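For the record, the sequence lines run as chains L and Z.
Heads up, the first sequence is in numbering that gives the first Met the number 0, so the first residue is 0 and it goes up one at a time.
Heads up, the second sequence is in numbering that gives the first Met the number 0, so the first residue is 0 and it goes up one at a time.
Do not take every clue at face value.
Unchecked claim - No more than 25 angstroms apart at the CA atoms, straight line, and that leaves these computed lysine to aspartate or glutamate pairs for DMTMM-like: (1) Z/Lys102 with L/Asp45; (2) Z/Lys216 with Z/Glu242; (3) Z/Lys102 with L/Glu53; (4) L/Lys285 with Z/Asp500; (5) L/Lys285 with Z/Glu59; (6) L/Lys441 with Z/Asp43; (7) L/Lys285 with L/Glu154; (8) Z/Lys406 with L/Asp319; (9) L/Lys153 with L/Glu287; (10) L/Lys285 with Z/Glu488.
What the hints assert, rightly or not - Here are the simulated distance ranges between beta carbons: (11) L/Lys324 with Z/Arg218: 24 to 32 angstroms; (12) Z/Arg333 with L/Thr184: 17 to 25 angstroms; (13) L/Asp17 with Z/Ala472: 30 to 38 angstroms; (14) Z/Ala472 with L/Gln24: 44 to 52 angstroms; (15) Z/Pro122 with L/His179: 30 to 38 angstroms; (16) Z/Arg333 with L/Ala16: 53 to 61 angstroms.
Because the hints were derived from the structure by calculation, they are not lab data.
None of the values given here were measured: they were computed from a predicted structure.
Even for Gly, the Cβ is constructed at its ideal location relative to N, Cα and C.
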Amino acid sequence: MPSFAPHTDEEIQQMLADLGMSSLQELYSSIPAALLRTEPLALPPDQSEIEVLEEFAAYGAQNAAVRSSLVNFAGGGAYDHDLSAAVRHLGSQSAFVTAYTPYQPEVAQGVLQALFEFQTIIARLFGLPIANASLYDGAASLVEAVNMAVGFTKERRILVSAGVHPSYREALGTFGAGTHLLLETIDLCDDDSTCFPSADEETEVPRAGAVIVGYPNYFGAIEDLAAARAMADRRGALLIVVADPVALGLLRSPGEFGADIVVGEGQSLGIPLSFGGPYLGLFAAKSEYVRLMPGRLVGETLDQEGRRAFVTTLRTREQDIRREKATSNVCTNQTLMAIQAAIHMSWLGKRGFQMLARRNYDGAHYLAQQLAGIGLAASTTHFFREFTVHTPISATELQHRMLAHGFLAGLVPPGHDDRLVVVVTEARRRVEIDGFVDAMAKELR
Amino acid sequence: MRFSSTSAPGGRASSAPLVGDAEEPTIFELSAPSRRSFSLRETDVPAMDLGPIEAWLRDEPVELPEVSERDLVAHFTRLASRNYSVDLGAYPLGSCTMKYNPKFADQVAAIDGLTNVHPATPPEAIQGWLRLFHELERYVCEITGMAQATLQPPAGASGELTGLLIMRAYHASRGRTPRKVVIPDSAHGTNPASVSLAGFQAVTVPSGANGLVDLAKLRELVDDDTAGIMLTNPNTLGLFEEEIREILEVIHGVDGLAYYDGANLNAIVGVARPGDMGFDIVHSNLHKTFATPHGGGGPGAGPVAVVEHLADFLPGPLARSLDGGTSYTWMTPRRSIGRVHAFHGNSVVLARALAFMKYLGNEGMRTMSELAVLNANWLRARLADSFAVAYEQPCMHEFVVSAEALKAETGVRALDVAKALLDSGFHAPTVYFPLVVHEALMIEPTETESPQTLEAMASALENIVAMAHKDAAAVVSMPRNTPVRRLDEALAARRPILTEDQRLR
Ligand SMILES: Cc1ncc(COP(=O)(O)O)c(C=O)c1O
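This is chain L alone, in the form it adopts within the complex (with noise of 0.2 angstroms):
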């Protein structure tokens, strides 16, 4: 019998003989026959780890991975960076890996050290002061700052730009069913961008929660963010801002715009693709809603024998001692990918992130005039690295001719099968970029 139990034939004969027992099943007489079963699981006998490492690989070979088989031209909170070799060697120590939650700090040190470094980075990244130690994704970390939001001015209205990812914005009302939440949406203008209204014509409007943006948003357009914060003090709430991390190595901070709570997914920071997980959710705020924060908060302090050490802090928000009452309910959170947007950002240093910051830029920029130039002019005015198309055809149709041709054609948005959310990152030679261009001229003809 396979199994990575150590006991020998004769140790469990002798355990059991410790309790008084003679077979296993002894073990489980504290459970009503009834519920206990007599057959094995309908499921396959064991299997050696070379066979699973096989059928895992069968599987791999059944669908199309970036680089190896298909050029991407697709992100949407998914993007497909190059990794430093040093974050792969380094994220997968298996002292990073096999520990837990650093409930017992003198032994935690290594974790609780690369985080507190980790919310370091997100802070200066987004330009706000504090930062949390992870949450499960960019659409997690979105639902949890509206919580926030409401838990402070305890307003249940939240005004949603359109521009915020469609996944994101469903996760919202799916949590929204349970957090009462009444969604508005804020549409977007010809050019992807949010068409916020100005003050005069807002004399008077109802109080909200929050008022959500992109930064820049799923379509790719660059959002005004002193509109969206005017916006947000006429009604009394709070401005989230949804940031895409990498965006922010050009651009300004979310913060310096007067952003309450930014979030984003940290998937650009080190984390391969991973078909969507496990990814990274980021938060950060404004130092007066600490108590307010969802999550695991590392800090800093001073053991008996006055030496610095990091421990969690600010426990009294959390589940486990607060319960029904808390300000969250994450538990387990996606800290191993913390660790590695930390030593991946370690290693791109403040101007290796700036020269990739500006790589994407150029590269998108680069195919936005190739694309217009057969005809497909973005619609996106003000764009970092992400923009929209607006396609002749079905987009659906067009991605799916464009995979033959070795391409992920970017996205399709929900509800708009005439156009094209398209992505270049530092990984996009310009060889892949005019290839592309040549097979988009082809198909449209």
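Dock chain Z with the ligand against chain L, hints included.
What follows is chain Z with the ligand alone, placed relative to chain L:
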């Protein structure tokens, strides 16, 4: 009882080397202007005009560290050496199921066709992932006795909230809005927190003297305003709720639904199933029972499985075949509560868990649970002279002892015992949970520790108790062998320093 040493204890980490006990600088302190590790490819893309975004351009680059790759690697390697882990030694952290994480699963996670796939790739180009998801759903459903499952929830707590929102949608579909969800006083904190977030009110049912749900009290609590109940079975005291069928009948009697928190599934895989007990909604913490690594606090995976009549409410999309398994596509159930994750859940964690299930196979998974229960019972009996066991009946995969008497006699608390155990080369058990036991030490050895390791852990705990009686101050001053000693947690909370910049301010 003693376990004779036929071999050394494989799970004791007391030989782990330590080089000094100085502070590790932060990555920011290691930084010097213009030092670098990065290395970016030449893309041949021309530099483009920044004009269109001029209004948004930042003045200064983000203040990230500037370190050499050598210093970067040394820093994070040293940090790793300042951290306890399952790979280093036994981790009897009750309720968390810190079992050994097999290495072949790391290789699964590294397969190009799994790990380098964009989540929005059209179905025709992700047949492998869709099949894998469908297969895992089948395993989860067979193991739990349910009909269909969503794999989206990225952890147990997310699964709880998903399940409770399904409960809400079910009642709403029948034109009802019951407000209360019953949870036992021994429940994990995520349960009441999830209940609130789902818009329900948590109502606590007390445990009886035997540590099990008090059925009479439950009957008094439950009425037409009861939406359902959340239970883990075995419960957080490591005890099987023997009257589970009767409990769930009470709930079903008012048209309530029964939610199973699968955190403790490791006790009963292949032995008993939540579905057969009468549960309607079940989450499984795959990172616990199915051995995916906990990553210093995450990622996890918490699929939610339901009985057939609730399948229509599951988050979408689900991997489904319309042609008898020739090909797969995404389908969203008709009355779906909506998605609970931006994409498809923690996919690579899901793949690892399925690989583990396939490795063990149907009978291997049962043996896994049996040996987890054997280890817990043996260790519980072995410790009976040192600590009062909280409840007399045999336990499942974990057990709770109390340091209340020790505290009364010597002043040494459960927390001190936990800290002292660190000095013996073991991770500490969970302490002060569940709340119903004073000075609780919750011990879950898991099936992957040898009897020699259990013996060594038991002797270490015995020695701590003996030392407490002789020299309590010595115990309270522990740990001494760890990279840092006890921390001033009050200081951390009074004057929070959550980033490098808050220290410097
Ligand atoms: C009994 C119990 N329920 C629920 C949870 C929550 O699971 P997760 O940490 O995966 O969110 C835990 C985990 O610690 C637990 O022990």
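Hints, verified against the model:
{"no.": "1", "hint": "Z/Lys102 with L/Asp45", "result": "17 angstroms, holds"}
{"no.": "2", "hint": "Z/Lys216 with Z/Glu242", "result": "13 angstroms, holds"}
{"no.": "3", "hint": "Z/Lys102 with L/Glu53", "result": "15 angstroms, holds"}
{"no.": "4", "hint": "L/Lys285 with Z/Asp500", "result": "13 angstroms, holds"}
{"no.": "5", "hint": "L/Lys285 with Z/Glu59", "result": "21 angstroms, holds"}
{"no.": "6", "hint": "L/Lys441 with Z/Asp43", "result": "24 angstroms, holds"}
{"no.": "7", "hint": "L/Lys285 with L/Glu154", "result": "19 angstroms, holds"}
{"no.": "8", "hint": "Z/Lys406 with L/Asp319", "result": "23 angstroms, holds"}
{"no.": "9", "hint": "L/Lys153 with L/Glu287", "result": "16 angstroms, holds"}
{"no.": "10", "hint": "L/Lys285 with Z/Glu488", "result": "23 angstroms, holds"}
{"no.": "11", "hint": "L/Lys324 with Z/Arg218: 24 to 32 angstroms", "result": "27 angstroms, holds"}
{"no.": "12", "hint": "Z/Arg333 with L/Thr184: 17 to 25 angstroms", "result": "24 angstroms, holds"}
{"no.": "13", "hint": "L/Asp17 with Z/Ala472: 30 to 38 angstroms", "result": "35 angstroms, holds"}
{"no.": "14", "hint": "Z/Ala472 with L/Gln24: 44 to 52 angstroms", "result": "47 angstroms, holds"}
{"no.": "15", "hint": "Z/Pro122 with L/His179: 30 to 38 angstroms", "result": "35 angstroms, holds"}
{"no.": "16", "hint": "Z/Arg333 with L/Ala16: 53 to 61 angstroms", "result": "56 angstroms, holds"}
In this structure, every one of the numbered hints holds.
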